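K.L.:
Chain residues, written in single-letter form:
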Amino acid sequence: MFEARGLTRRYRGFLAVDKVSFEIRRGEILGYLGPNGSGKSTTINMVVGLLEPSAGSLHLDGVSMSEDPVGCKRRIGYVPEEPHLYTHLTATEYLTLVGHLRGLARARLEARITRLLHLFALFESRYSALSAYSKGMRQRVLLAAALLHNPDLLVLDEPFSGLDVSAGLLFRTLLRLFAREGRMILFSSHRLDVVEKVCSSVVILHHGRIVASTVTSTADDTTGSPSLEDVFARATEQEDYTIVAKDILSVMQDV
Amino acid sequence: MSAAFTETPVFDLTRHFFREFFYLRFLTDTGADSVKRAIIGSVSGLLALSILFPQFVVGRYATMRTVEEYRRALLSDQLFTICVAMFIVGFVTALVCQSLFPDEIDYRVLTPLPISRRLVFATKLLAMILFACIFVISTNLIFGLAFGAAAAGRWAEYGILRRMLAHACAAGLASIFAGASVMSVQGLIAVLSPRAYLRSVSVVTQTAMISALILSLPAIAHASSYAVLLQTRAAFAFAVPPVWFLGLEQVLLGRRDPYLLQLAVTALVGVASAVVVIAACYLAIYRRFDQLVLRTSQMPLRPRLWPAWSRRVCDRHLARRAFARFTTTTLRRSGLHQVVFCSLSAIGVAVAINSAIGFGTGSTPRAQAAIAWRFVEAMLEMPLVVFFFSIAGVRTALLLPLDVRANWVFRLTEDPATKPQLLASIERSLISLAIVPGVALTFVIQSVVLGAITAVRAALPTALLGLVLVEWVLRRWHRIPFTCTYIPGKRPLAHGMLLTLAAFVVFINIGGGLIHFSLDTPGRYVMLCGVLFAAVAVLRRTRLARSVHVPLEFEDSLPDDVTVIPF
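These protein sequence lines are chains A and B, in that order. Each residue of the first sequence is one higher than the one before, counting from -5 in this note's numbering. Each residue of the second sequence is one higher than the one before, counting from 169 in this note's numbering.
For the record, the hints were derived by calculation from the structure and aren't laboratory data. Everything numeric in this text was worked out from a predicted model, so none of it was measured. Take the hints with a grain of salt, since some may be wrong.
[Said to hold, decoys possible] Using 25 Å as the maximum straight-line C-alpha spacing, the simulated SDA-like pairs for lysine to any residue come out as follows: (1) K129/A x L366/B; (2) K587/B x A101/A; (3) K129/A x V277/B; (4) K129/A x F457/B; (5) K129/A x V572/B; (6) K129/A x W576/B; (7) K587/B x I655/B; (8) K587/B x S60/A; (9) K129/A x L278/B; (10) K129/A x E272/B; (11) K587/B x A140/A; (12) K204/B x Y191/B; (13) K658/B x L217/B; (14) K587/B x S58/A.
[As the list claims (entries may be wrong)] To spell it out: a stretch of chain B is covered by chain A in this simulated footprint if at least three of its residues, at any positions, have a beta carbon under 8 Å from a beta carbon of chain A; those stretches are: (15) 317 to 330; (16) 574 to 586.
Cβ atoms here follow ideal geometry from the backbone N, Cα and C, with glycine treated the same way.
Take these sequences, add in the hints, and give me the full structure.
P.N.:
What follows is the structure, encoded as structure tokens:
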């Protein structure tokens, strides 16, 4: 089980994440929702060890991440929000680099990379630099890199951005099967429809705090609304979009 | 400037492209500010020196005793200033020649806007010309007009205005020729090289041109001696472009010698040819812009060179292998890193060559012996000079970030247990890129000049001194190459330059002296090698022991201590 307890992060007086607590059981896919600037990416960065929490703790199967950061990181796979890659490398070179840094032996790594490149439809482009890849292709490379070492916890920050329909469907199925094997997935996204279909439970973040949590399969949420969209709109105090849309149109027509 | 002009797309785009020449994408804001400070400091220093230049010239020509002496000196100085103007403009153009044409970002951002491709290309070219003009004009103010006015004295044969205009015209055209030649080479590569190899060929050519220009510095330093080509009417002069422009200057001054006229025509044809080639390349690229910009970056397949057992051995050091491959691949493919490494290494080779030439022949046996001694020492110092600059080149290249936002993969997989492997891979990079080529290159030269036995004997202490320098450079190294933000010029410019100069003098003079001193006596030789070996071992051990407790750096920071200016 993965646990976040009272997770807090301050940036020079600004409270980005405020006492956030959640847990992911084995076999569970936890959706992590929130509007822009709500603290989703900050939480994700703390979970994967890119940021130090100002307060609170993270535990992976009872092991504190602050006590054994390297051991915990070895069991985590991560897909960041933006496909920041070393674009002068080819897909094979990038995956080999990640594999070696993860300590995977060469022979096993080579076979695994070849199979993953085939399955992610990247094999034909394996000798192209990543700079020549589309956003969807780069996203697939990141997913392959995150799965390379067979992680226990998969942390995904907007993993479907740039993916085409078939790749999106493949990954949705892959995530479900991955969780069914007893792994854990933390799934951060803006796409409510995808979260509703993929995740078994959801927490909603607003202004750095958890404002709602719901179990998607039974639609049993804290506000009593049947749709995740309604839960999200209420929990995050969304504006009336019709008024905003009309305002935008009036700005466009104002000469 | 009228608002009507400043609000036109021509003005906006030209300004945008012009500013791009000064935008250092690979640095953070703090790093870019630091570079700006360093550039302002350097330019101020150069301007201060340039004020002294005319005074120096006036003083030099005032002491000339005969008209012949004046003519010889004038011809030599004219050639030297033409060479310097050509070097500065050629070097700056080579630095920015990758920006000769609009790039992929320009294409993607500007193409959907209601502006024509012609406008994009024209403004890019205009920005490039304006950028080059800054250097053409500033170098010609100092080395053209100011020199033309100052090179007078009592033997002056022409009026001041004529001298100034003739020299400014010759030096100006020479610098335009240098800049245009660099641009035309880059243009020809863009047009003629296969699409798959365009980027790599372009980067390699840029690096080669910059390195060649730096390697020409010793020749420029001795340029005054080539003025004799003009006096002897040598046919070889037609192979030396600066001499063409020297011939042009003589024609502009009023000399009608057929040989000089021929040189002047060659100079004008050279400038015209370079401009025509640039125009043709620009037109060709303009026509197939989208094909060139949106090219594929297919890498050639590389055959496996290592047998399977060697890969099994390498599996014991996976992290080291990963760091090493990442380093070599980046150095091979990143133009910026290649240019930095090769330029600094080329400076080393140029300084080494310069220090080994120009020894006179003494008139007395004692003077001859002193010169011979000094010459042997210069030959023994040669590899140390190459080490000093090559190591600085590798170090700077490894410090420069590639894409800081992509370093999350290293932060995610950071493991204190692999840090020794990281340090070992960096140590190997320094040795294989700086020490080994330095020893190999200078060993050949030393073998030819000093004899094979001396070269073999000098090789061991030379290599050990190189390793001492490697250890010294790595003593506070706690970062993965290319992954950490970088703030250059943390120290004040003068402070940094003085420290570098002091380190250079100490390392080269003491190192070279020790090798020379030990070569003739086996006892001294063994003692020197033993001491150096022990120094390498102690420095290495201390460094590795200390590094285990220090975490890896991903963010560069300014020094904590604040320099207080007393008032």
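K.L.:
May I ask which of the numbered hints given earlier this structure violates, with the numbers listed in increasing order?
P.N.:
Of the numbered hints given earlier, the structure breaks just one, which is hint 15.
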